[in-house]
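Given chain U, put chain X in place with the hints provided.
Those protein sequences? They're chains U and X, same order as listed. The end of the first sequence is residue 183 by our numbering, with every number in the run present. The end of the second sequence is residue 284 by our numbering, with every number in the run present.
It should be emphasised that the hints constitute simulated quantities derived from the structure, not laboratory data. Given the structure is predicted, the values throughout are model-derived calculations rather than measurements. Heads up, the beta-carbon is just placed ideally off N, CA and C, and yes, glycines get one too. A portion of the hints provided could be inaccurate.
Stated by the list, open to error - Not close to chain U: a few residues of chain X, all C-beta gaps over 10 Å, as computed: (1) P17; (2) S50; (3) V103; (4) E167; (5) S218; (6) A235.
What the hints assert, rightly or not - Stretch by stretch, here's where chain U covers chain X in the computed footprint (C-beta under 8 Å, at least three residues): (7) 18-26; (8) 184-196.
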Amino acid sequence: MAQMKWSHVIALPVLATVSAPVSATEYLSVADAQRVLIPQAQNFIPFAVTLSPAQLAQIKKASGVPQHSAQPKIWRAMNGKATIGWVIVDEVIGKHEFITYATAISPDGHVLGVEILSYRESKGGQVRDPKWRNIFRGKTVRDQFKLNKDIPNISGATLSCRNITDGVKRLLAIHALALGREG
Amino acid sequence: MRWRLVGKADLITRCRPLLGTFVEISVPDAHADAIDPAFAAIAHVQQCMSFHAPDSDLGRLRDAPVGVPVAVDRDTVAVLRVARALYDSSHGLFDVTIGRELVRDGFLPRVSALHLRQYTGCAADIEIIDDNHVCCHRPMLIDLGGIAKGYAVDRAVEFLIAHQVDEGLVNAGGDLRSFGERVWPIALRDADDVIRWTIDLPACALASSANLHDRRRSRGRIRTAHIGDGRKAVAADHRISVIADRCIIADAMTKIAMASPALAVPMFNTYGAHLLSDPNEGMM
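For reference, chain U alone in the conformation it holds in the complex (with noise of 0.2 Å):
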């Protein structure tokens, strides 16, 4: 990188870091994920089931991982008559984070895709440094909450989406137990 670049960097090194205690990020709607997931959809049609308490010890056993809900939320993804897909939006809790997302699931099983819809986490900073730098125009302290929305990307230690893995097994399981045969 030319140094003048990096000199750039350093000049404005650091700006007052204001955290709300919550921090939320919603990346997509239901809708704008069940049109990201299943594109050759005409449209997605709630689908309301019931999981005995035998499917939810089922779910578990096969997924390794409790389903806690007995009504998830499911999409059937319709092209005319046909059902090319099924859309369920679940939700995962971890130690500091909610996450919902989207999962795809053909016809047949197979996990066609996987969206983040949001991600919050509970556990924000704290204000270390009271001088504020103007550097977002028109901002003041004021707008912190606001400027958490503004500050999506984060660096440091990665965060594992383990959650999610076990996550969309378990939505595997369901289709399995409860969707395979309205196909």
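Only chain X this time, still in chain U's reference frame:
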């Protein structure tokens, strides 16, 4: 998600679970169509360089007989070339054959056929034959972990630039790279998980590493996923952040700086990388 800085085009950000972490891609609204293929470039790197998947290039390299050339993807060769160069210039400190230690300490799954003690190879035993063939001259467990992540970010950014996207940012769990005229606000998550600082980043790559909250104890020793001199685990209490042109270099340099600051300084010069220390401690 849509967000906007004063006087700039609206950005759209999407996020997918890839490379074992959360990958975010931000581009201007008008280029939203480029996001899917950019994610696909990252998914391709994951497919080639996954330690876990037996059918990945790494899986086939560890299962192949010693001394037999293995056909692998060009991307895998590109990453291994960087890994070899870093091994040489760090006098063996940066070694991608630490899969053995990471499996032993429980940071990676036991996927290997042989007893761990039989994986005696180091990065010097990796021979790059051509753009599609690699040969391991001793049994080894290669883990490309962080540098594959950095490389995936680079590939996605290169794809976006090649497709006329004028500005954007790709962030694979903290390994990130931005391009275009925009200056990006980036929050730094410290080793204790608290965000204390934000920086304004022009077009460049930034990677951070920390292991304060990812440690295990076995046989009386602290184990981390960061392996240093003498193949011993490095326990660092602070976050290390490095800026470079390419994300693969930024990521690798965080590991080297964590393991040996003295060795890192001349390497930073060679690779045009910069250590980003806490503002109250000044710059290195």
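Q: Can you take a look at whether the stretch 184-196 of chain X is actually covered by chain U? Rule is 3+ residues, C-beta closer than 8 Å.
A: holds (count 12)
**Q.** Beyond 10 Å from each Cβ of chain U, as asserted for P17(X)
**A.** violated, 4 Å
(Q) Quick check for students: does the CB of S50(X) sit more than 10 Å from each CB in chain U? (A) At roughly 12 Å from the nearest Cβ of chain U, S50(X) sits farther out than 10 Å, so the non-interface label holds.
Q) Against chain U, does E167(X) keep a CB gap of more than 10 Å to every residue? A) holds, 13 Å
Q. Counting residues of the stretch 18-26 of chain X that have a beta-carbon nearer than 8 Å to any beta-carbon of chain U, does the count reach 3?
A. It holds: at least three residues are needed, and the stretch 18-26 of chain X offers 6 whose Cβ sits within less than 8 Å of chain U.
**Q.** Cβ separation check - S218(X) to all of chain U, threshold 10 Å
**A.** S218(X) is indeed farther than 10 Å from all Cβ atoms of chain U, at 20 Å.
Q) Beyond 10 Å from chain U, beta-carbon-wise, is V103(X)? A) holds, 17 Å
Q: Find the nearest Cβ of chain U to the Cβ of A235(X) and say whether that gap is larger than 10 Å.
A: holds, 13 Å
The earlier numbered hint that this structure contradicts is number 1, and it is the only one.
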